[in-house]
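Chemist: Given next are the chains, with one letter for each unit.
Number of protein chains: 2
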Amino acid sequence: MLIHANIYGEYRYPGQAMLPVNDLGLIRGLGVFDYLRTYNRKPFRMDDYLERLRSSADALLLPLPNDTEIKFVVKELIRRSDYPGDIGIRLLITGGTTPDGISVTKPSFIVTAEKLFLPPADVFLNGIKLITFEFLRELPQVKTTNYLTAIRNVKLKEQQNAYELLYHKNGNILETSRNNFFIFKENKLITPKNNILFGITRKVVLELAAGKYEIEEREIKTEEINDCTEAFITGTTKKIIPVVQVNDFIIGDGKPGANTVKIMRHFDDYVKGW
Amino acid sequence: MLIHANIYGEYRYPGQAMLPVNDLGLIRGLGVFDYLRTYNRKPFRMDDYLERLRSSADALLLPLPNDTEIKFVVKELIRRSDYPGDIGIRLLITGGTTPDGISVTKPSFIVTAEKLFLPPADVFLNGIKLITFEFLRELPQVKTTNYLTAIRNVKLKEQQNAYELLYHKNGNILETSRNNFFIFKENKLITPKNNILFGITRKVVLELAAGKYEIEEREIKTEEINDCTEAFITGTTKKIIPVVQVNDFIIGDGKPGANTVKIMRHFDDYVKGW
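Residue numbers (my numbering), protein chains in the order written: chain A, 5 to 278; chain B, 5 to 278.
The hints are simulated quantities; they were obtained by calculation from the structure and are not laboratory data. Not one of these hints is a red herring.
Given that identical chains are not distinguished, each listed pair holds provided it fits within a single copy or across any two copies.
In silico DSS-like pairs for lysine-lysine, Cα to Cα no more than 27 Å straight-line: (1) Lys276 <-> Lys119; (2) Lys243 <-> Lys216; (3) Lys161 <-> Lys110; (4) Lys119 <-> Lys207; (5) Lys259 <-> Lys159; (6) Lys225 <-> Lys173; (7) Lys189 <-> Lys243; (8) Lys197 <-> Lys161; (9) Lys216 <-> Lys197; (10) Lys110 <-> Lys159; (11) Lys225 <-> Lys243; (12) Lys225 <-> Lys207; (13) Lys133 <-> Lys189; (14) Lys79 <-> Lys243; (15) Lys79 <-> Lys207; (16) Lys192 <-> Lys243; (17) Lys243 <-> Lys133; (18) Lys276 <-> Lys46; (19) Lys276 <-> Lys216.
Next comes chain A alone, as it looks inside the complex (with noise of 0.2 Å):
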């Protein structure tokens, strides 16, 4: 469900916030967003989610706002939604629209504020499971708009039973289509550091877990999930959820780490008192 949005500066309500159909977001997929969520109605992280978004921006060479435009616009946002739990933000800059069906003359940029869809309660109780699945994002450092083998293996996902797809490449674990992942092997905390989208919730859960673990970022072959003793994943919605299967391969005892059970209490901790 959409609350609000604004479109350059201007406030719309659900079904006013359009874009034209000759939007190059919407006929090249020339789009890079990001999405933050509020606790306690407040932007949780927003400095580190707004250097993403330019990081993505950049990349792509579409001008954004500066960042304390962005912020008024977030908070009033937040200020004007009737919604009383905490909300979802998304930020999206595409190529506008074009005269010749290719060319950026004026980028679009939209901010919507979106009720949070949360994982069900059972899932952070349980754990999931994940199959993996060969594939390197185009630009896997870049939040683009491209979510295309997201959505057409959500059969597979379905048929196999799983949560989400383990993308891996040239021998290597990278991510799931919408999450960064970690294993331990007992103490250490390892988790992927190239060809991956660098998550905000991959970030606190690095700070969090300093000095209380061994922590490496590397590369993770994926015969390791063979040895690995307990494993999540992370991510701005799903927070942080334990992996207990993937592929065939059950993790530890089949339930949810005691590490990562302890993490998972430290960011709820530290998003409390945010």
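With chain A held as given, fit chain B onto it using these hints.
Modeler: Relative to chain A, chain B alone:
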């Protein structure tokens, strides 16, 4: 310039042809399209374009209206267009608005009539330069809306004074970012047949060349560029454009080849009588 647009069977004028900002075509790049044109104000080879659109839509599980309905809308848009010359018709199907940011519920189908942006006359007379670029599209046989690689390399083309990028992967020449590619080796006409979008102009050229030239549809190794005597690209708006240079290699005497010019004439005769 957008002339008319049709959304859900309702005719709209420029500025009123809009889609909601939470359409999956915009926020998740979930869209396929096709683009046909008129000659003598009649749609050219519409059955071929509709067949390809249906094949693209099927690949992403997006349902389309039936051909009779689509043809009615296309003809009605041409009739209503007050632009005197030939026009382009874009048929776009997207995932539609989404309640949760990822699930497809009701796809959007949009037909727009646009002014044709034709290449400058000198490219037909003098030919163009291509530069090779290593890239394989994510779903090469599907006409998705993802043109990120094409758009973000516009500067590279300008710097190298090239008209288009010629994609290649694993040692094989594929296609340009929006067109099919052909070479002649003397009187043998050769064009790639794997990992490409099957162009309608490509198909017409193969029909027109049948019986006049020996034809090979097969993999073209990148090295083969250095033995070709002629080359050209094909596309809906570009028709047939001679290629006289690939990277630093000058093809033939650096002018459009004799066989290419003949095929261009056959094509012009064919569309004149359309």
